[in-house]
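Undergrad: This is what each chain is made of:
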Amino acid sequence: MTTVVTENCKGCRFTDCVAVCPVACFHYDDEMLYIDPDVCIDCSACIPECPVEAIFEEDDLPEGQEQWIEINAEKAPDLPLIEEPMEALPEAEQRKADLGF
Amino acid sequence: MSSLGDESSPLRVAIIGSGPSGFYATEALIKSGLNVEIDLIERLPAPYGLVRNGVAPDHPKLKQAIEVYKKVAQNPEFNFVGNVTVGVDITAEDLQQTYHAVMYTCGAETDRQLGIPGEDLAGSHTATEFVGWYNGHPDYRDRTFDLSHETAVVIGQGNVAADVARILAKSVDELKHTDIAQHALDALAESRVRTIYVVGRRGPAQAKFASKELKEFLEIENCRPYIDPVELELNPASEEEINSKAGRGNKKNVEIFHQFAGSEDTGKPRICIATFLKSPLRLEGGERLEKVVFEANELSGEPFGQSAQGTGQTTEIACGILFRSIGYNGVPIPGVPFYDRWGTIPNDAGRITSEQGGAVVPGLYTAGWIKRGPSGIIGTNRACAVESVESLLADLGQLDADRPGREGLYQILGRNGVRHVNFIQWEKIDAAEVAAGEPKGKPREKFTRQAEMLAVANG
Ligand SMILES: Cc1cc2nc3c(=O)[nH]c(=O)nc-3n(C[C@H](O)[C@H](O)[C@H](O)COP(=O)(O)OP(=O)(O)OC[C@H]3O[C@@H](n4cnc5c(N)ncnc54)[C@H](O)[C@@H]3O)c2cc1C
Ligand SMILES: NC(=O)c1ccc[n+]([C@@H]2O[C@H](COP(=O)([O-])OP(=O)(O)OC[C@H]3O[C@@H](n4cnc5c(N)ncnc54)[C@H](OP(=O)(O)O)[C@@H]3O)[C@@H](O)[C@H]2O)c1
Ligand code: SF4
Ligand code: SF4
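Residue numbers (this note's numbering), protein chains in the order written: chain A, 1 to 101; chain B, 1 to 459.
Pulled out of the complex, with its shape left as it was, chain A reads as follows (with noise of 0.2 Å):
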């Protein structure tokens, strides 16, 4: 089992879920964020802090999201890691209202 960041992260970026986790396993590349499965502890302090609802645990995904659970597996590892909050991308309001949140 693990938790993984999906779709609705991209061009998003509010990086609320950073602040409570507590291990430290966020990464970042211009896009988005990815959680290393090898660091995170399945707490699941990320997931109602996501304002686009972007985070899932493993066996929660929804359909035909499924190829997340690699991506982040092989992003996260060499991406720098996020540990603070940082500003959201400019476009992230914007982006939050197209997916209806």
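Heads up, a few of these hints could be off.
When the alpha-carbon atoms are kept at most 30 Å apart in a straight line, the in silico DSSO-like pairs for lysine-lysine are as follows [to be verified]:
| # | chain 1 | residue 1 | chain 2 | residue 2 |
| --- | --- | --- | --- | --- |
| 1 | B | K61 | B | K291 |
| 2 | B | K208 | B | K251 |
| 3 | B | K251 | B | K268 |
| 4 | A | K10 | B | K245 |
| 5 | B | K31 | B | K63 |
| 6 | B | K440 | B | K70 |
| 7 | A | K96 | B | K252 |
| 8 | A | K75 | B | K61 |
| 9 | A | K75 | B | K208 |
| 10 | B | K208 | B | K252 |
| 11 | B | K440 | B | K291 |
| 12 | B | K268 | B | K440 |
| 13 | B | K245 | A | K96 |
| 14 | B | K268 | B | K252 |
| 15 | B | K252 | B | K63 |
| 16 | A | K75 | B | K70 |
| 17 | B | K31 | A | K10 |
| 18 | B | K440 | A | K10 |
| 19 | A | K10 | B | K61 |
| 20 | A | K96 | B | K251 |
| 21 | A | K10 | B | K176 |
| 22 | B | K440 | B | K208 |
| 23 | A | K75 | B | K31 |
| 24 | B | K245 | B | K291 |
| 25 | A | K75 | A | K10 |
| 26 | B | K208 | A | K96 |
| 27 | B | K61 | B | K245 |
| 28 | A | K75 | B | K71 |
Just so you know, the hints here were simulated from the structure itself, not pulled from any lab data.
Starting from the known structure of chain A, fit chain B with the ligands onto it as the hints suggest.
TA: Just chain B with the ligands, lined up with the frame of chain A:
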């Protein structure tokens, strides 16, 4: 002129309580890049608070948060002062005179009371005691729990109630390779409990369980989770709750409850029954607990603001043991402001105030459960501690600069005849626990008496 935190004048901070909030506050102070000296004072010889003594033994992955705290502890700015109880071994006033800033992160260590007749009958316990006992907390080492009756009742439907019910439900085989205390494992091996009721005062849509905790009940080898399907009928306001965004988790819970209701009887020896809309009125029994009398409730109020109203109808459950799991409560420390109603230290963004809504007391801060009240999971305390440290750092210019810090602390402890445990000594205890667990296939066998820990620490 030098200012606090410069190379020549270290910022000296005492943090009281080495649970998650104490460690996250330490981490945030170290990350500030200032010159800091932190003494993390803990009443037990062992650090990590409820991650060691609360988080259930069969949830080892969550306990890995400790790896983060171990890393924090390796920083030269950090110093562990275990086996020192603030308010007993050293006064709050003395600490305030010794450090530039004192931050209380001492958690919520006692339980909330139901306030009903019979609450103190033999056989009526708090979840706090039971959790402390199975986790090997020295305070609860000598508690006994009579598990000879077939029916147990847990009052409350939060994650602690789920932990208590799960430990009662699992077989010893499912627990024996965890870090559960040996005395608990031995007692649970003799348990005759077959039916576990988990009773909520509100409905299925208001239960506070994390869905993940609920799902686990479907996987227990030894126990079938069950709910009478009739109990899953929701009133319109509850329907509205679970169909709104804010009710995402509650909706998942209700879905899992339906799985409970439809679960087949496959002959598992135990059954765990969730039941709703019942408030305990009184506990009855002669020498010891024999039954709980409940009043049936109905919900009233707006969605997300629904409360339980008694209907006057009563029901009973005959049982031999009861655990109330209705929340934790802070313990006041003499000399530190305390807000009785919430069981917390009154504060404004982590700055301790003289009373609820009162003036800020310079140099005193708080974080974690004692700041916010007993809710939130491990990670919640990180954001919380970061906020408090930000407040502290913003106040640097106003703190009284003339404080001896660690040296002063050690003088006072020496004068009071208190021998503390440092981190290297704790690491000895830690290693001895891991070694004691190994032959049993357990990640560790905890020392459950302070004297045993001290013997290893000083050996
Ligand atoms: C039974 C239970 C199970 C839990 N399970 C989970 C879980 O699975 N996952 C999760 O994310 N969260 C879980 N939590 C929640 C989590 O444990 C808390 O959010 C967290 O521990 C609170 O951190 P804290 O630092 O404020 O308090 P604590 O962890 O309680 O730490 C307080 C520390 O202060 C010390 N102290 C108290 N008084 C004094 C004094 N006067 N002098 C010196 N030291 C003192 C105590 O000994 C303790 O070490 C659980 C909580 C409980 C009660
Ligand atoms: N695995 C995990 O993630 C985990 C494990 C354990 C604990 N924790 C966390 O630790 C915190 C504390 O947990 P908790 O279970 O102690 O608290 P909690 O989640 O607040 O649950 C308390 C329960 O007691 C009920 N209650 C309160 N007063 C009552 C009364 N007078 N009569 C009857 N019922 C009453 C509440 O019902 P109402 O809703 O009606 O008030 C609620 O069901 C929570 O944030 C929890 O998530 C997490
Ligand atoms: S809160 Fe959600 S959208 Fe924002 S960074 Fe985290 S996962 Fe992405
Ligand atoms: S589940 Fe917990 S540990 Fe994993 S990423 Fe989210 S907050 Fe961090």
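Undergrad: All hints, please: hold or fail.
TA: Structure-based check of each hint:
no., hint, result
1, B:K61 <-> B:K291, "violated (37 Å)"
2, B:K208 <-> B:K251, "holds (12 Å)"
3, B:K251 <-> B:K268, "holds (28 Å)"
4, A:K10 <-> B:K245, "holds (20 Å)"
5, B:K31 <-> B:K63, "holds (23 Å)"
6, B:K440 <-> B:K70, "holds (25 Å)"
7, A:K96 <-> B:K252, "holds (23 Å)"
8, A:K75 <-> B:K61, "holds (22 Å)"
9, A:K75 <-> B:K208, "violated (34 Å)"
10, B:K208 <-> B:K252, "holds (12 Å)"
11, B:K440 <-> B:K291, "violated (38 Å)"
12, B:K268 <-> B:K440, "holds (26 Å)"
13, B:K245 <-> A:K96, "holds (14 Å)"
14, B:K268 <-> B:K252, "holds (25 Å)"
15, B:K252 <-> B:K63, "holds (25 Å)"
16, A:K75 <-> B:K70, "holds (26 Å)"
17, B:K31 <-> A:K10, "holds (29 Å)"
18, B:K440 <-> A:K10, "violated (47 Å)"
19, A:K10 <-> B:K61, "holds (29 Å)"
20, A:K96 <-> B:K251, "holds (23 Å)"
21, A:K10 <-> B:K176, "violated (44 Å)"
22, B:K440 <-> B:K208, "violated (35 Å)"
23, A:K75 <-> B:K31, "holds (26 Å)"
24, B:K245 <-> B:K291, "violated (40 Å)"
25, A:K75 <-> A:K10, "holds (14 Å)"
26, B:K208 <-> A:K96, "holds (28 Å)"
27, B:K61 <-> B:K245, "holds (29 Å)"
28, A:K75 <-> B:K71, "holds (24 Å)"
The structure fails hints 1, 9, 11, 18, 21, 22, 24 (numbered hints given earlier, in ascending order).
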